[in-house]
Amino acid sequence: MRTEKGPPIPVASLCLLIAVAWYLAAIPMNWVITGPKIEAAGGGLSNVLAFSWNEQRPVIPAPHQIIIELWNTVFAVAPWKIKSLVYHSWVTLSSTLLGFFLGALLGIVLAILIVHSRFLSKSLMPWIIASQTIPILAIAPMIIVVLGSVGFTGLVPKSLISMYLCFFPVTIGMVKGLTSPDPMQLDLMQTYNASGSQILWKLRFPASVPFLFASLKVAVAIALTGAIVGELPTGAMAGIGARLLNGSYYGQTVQIWAALFAASFVAAALVWLVGFAERNTGRLMGARP
Amino acid sequence: MSQWSFRDILYPALFGVSVLLAWQLIVRGFGVPAVLLPAPSDIWIKFATSLPILWIDFVQTFVRAVIPGWIIGSAAGFLTAIVCDRVPFLRRGLLPLGNLVAALPIVGVAPILVMWFGFDWQSKAAMVVVMTFFPMLVNAVTGLQAAGHLERDLMRSYGSSWGQTLLKLRLPAAMPFVFNALKINSTLALIGAIVAEFFGTPIVGMGFRISTEVGRLSLDMVWAEIAVAALAGSAFYGLLVACERGVTFWHPSYRR
Numbered sequence: 001m002r003t004e005k006g007p008p009i010p011v012a013s014l015c016l017l018i019a020v021a022w023y024l025a026a027i028p029m030n031w032v033i034t035g036p037k038i039e040a041a042g043g044g045l046s047n048v049l050a051f052s053w054n055e056q057r058p059v060i061p062a063p064h065q066i067i068i069e070l071w072n073t074v075f076a077v078a079p080w081k082i083k084s085l086v087y088h089s090w091v092t093l094s095s096t097l098l099g100f101f102l103g104a105l106l107g108i109v110l111a112i113l114i115v116h117s118r119f120l121s122k123s124l125m126p127w128i129i130a131s132q133t134i135p136i137l138a139i140a141p142m143i144i145v146v147l148g149s150v151g152f153t154g155l156v157p158k159s160l161i162s163m164y165l166c167f168f169p170v171t172i173g174m175v176k177g178l179t180s181p182d183p184m185q186l187d188l189m190q191t192y193n194a195s196g197s198q199i200l201w202k203l204r205f206p207a208s209v210p211f212l213f214a215s216l217k218v219a220v221a222i223a224l225t226g227a228i229v230g231e232l233p234t235g236a237m238a239g240i241g242a243r244l245l246n247g248s249y250y251g252q253t254v255q256i257w258a259a260l261f262a263a264s265f266v267a268a269a270l271v272w273l274v275g276f277a278e279r280n281t282g283r284l285m286g287a288r289p
Numbered sequence: 001m002s003q004w005s006f007r008d009i010l011y012p013a014l015f016g017v018s019v020l021l022a023w024q025l026i027v028r029g030f031g032v033p034a035v036l037l038p039a040p041s042d043i044w045i046k047f048a049t050s051l052p053i054l055w056i057d058f059v060q061t062f063v064r065a066v067i068p069g070w071i072i073g074s075a076a077g078f079l080t081a082i083v084c085d086r087v088p089f090l091r092r093g094l095l096p097l098g099n100l101v102a103a104l105p106i107v108g109v110a111p112i113l114v115m116w117f118g119f120d121w122q123s124k125a126a127m128v129v130v131m132t133f134f135p136m137l138v139n140a141v142t143g144l145q146a147a148g149h150l151e152r153d154l155m156r157s158y159g160s161s162w163g164q165t166l167l168k169l170r171l172p173a174a175m176p177f178v179f180n181a182l183k184i185n186s187t188l189a190l191i192g193a194i195v196a197e198f199f200g201t202p203i204v205g206m207g208f209r210i211s212t213e214v215g216r217l218s219l220d221m222v223w224a225e226i227a228v229a230a231l232a233g234s235a236f237y238g239l240l241v242a243c244e245r246g247v248t249f250w251h252p253s254y255r256r
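Chains as they are written, first to last, in my numbering: chain A, 1 to 289; chain B, 1 to 256.
There's no promise every hint is true.
[What the hints assert, rightly or not] Mimicking SDA-like on lysine to any residue, the simulated pairs with C-alpha atoms at most 25 Å apart in a straight line are:
#1 A:K37 with A:V20
#2 A:K176 with B:T187
#3 A:K217 with A:V11
#4 B:K183 with A:M125
Source of the hints: derived by calculation from the structure; they are not laboratory data.
Next up, chain A with everything else stripped away, as it sits in the complex (with noise of 0.2 Å):
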């Protein structure tokens, strides 16, 4: 991912630009629903901004509401009550992180089989590009039924799906950055006497970091993607994706709302965490700013 450094401003204004958009959408969408109720009230500009901008159960709801919706079950209330959006946030990011693990464990593995054996390579890759054709997303259902007649319930199902989504990336990005060592220094490496397994920790992977967090930054974005729609299917109680199926059948929009809101800031802080761990890295290992 290449973010483009500049001045904020452009951002700042664009972002402003939005929220009065928002604003001034919402009179005309929320009309259905807040229409009669401004022309009881007697009309007039002041009764039209405070109805569009101030109902219970609009189309599209105001930024404010949003944002007092956020305030009141983030901080409002306990982090271990069902009201709470931290506990939800919790619920999604705990099956993320596990099946985020997982998933790249396993593409590790699976790159560095690919790239030590021909027949793999030749055999596995397009199965694993023909993986993804399949939509997880809506098997999920049937994953997460299926293991749970099995026994598995909570957080496991829904981890595999994350995986599964998420090792991808990182298979590819990894199998790219585990030949991406010259054949210069593979062939210095032979001329060491490098066993293949020295040849792999001391080159290959050293020369494959930037490609893994690149891919790990891919993976952990869609990690969570899988985890909140893992959530969706078989009516749990808990997680953001709980939440947003339980807004969309009470027609609660400003729960919905801050549930997204709430998944796009779990979303970036996970995107930032691996960016930071990155950097760290890097820096660790010698890399010039």
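Mind docking chain B on chain A? Use the hints.
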């Protein structure tokens, strides 16, 4: 990999057949109940006998939601990227946001879109549009900057306008990135459409069928739907790869 050798097909085929064989043997040999994992032969029988239902679901999800959404979302992302390229201020503002949004769990928007656009295919197509927009935007903006300075200077010395440079140099140079985004989007689109069906749907569609058949524990039907999804997804992907080869034949990765 411009020349397909016999082994390139043989090895994966061998691997796939042996996996299917092992699957069949394990299920039959250990007597795994069909509610856990049906044997490939059962899935094939179910697939062959319920072709009409599978076709209706395929049309509802793939033809009505995935394809239009994919086209609209990718086209919108591409056009926005060109506008961004013309207006640097917009690019500096939109690109960090696009990068951020690309990392967000966008599928979460599904319940909102179902509320806005109704239960039918429109909301699924809208979901696909939202999911495919940002990968295309980010990739196309990167691609439009891919043309080298030497080539750009050459175009300037020919006295070509911005439009001519765009059409004759920078769009062709951006094509590998655009196709990369199109390929990413082809899988995202199917996921988006199916997930949106979990939040409400008329009683057709692949996502609907999967979630109801799981509820009835008839897993052979679920696997048949998965087979359809995998076939459609692979065919879509393969078609894109073929197009990519035709359009970006000059790219180093196709040279021998």
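Okay, the hints, checked on the actual structure:
no. : hint               : in the structure
1   : A:K37 with A:V20   : 24 Å, holds
2   : A:K176 with B:T187 : 21 Å, holds
3   : A:K217 with A:V11  : 22 Å, holds
4   : B:K183 with A:M125 : 17 Å, holds
Every hint from the earlier list agrees with this structure, and none is contradicted.
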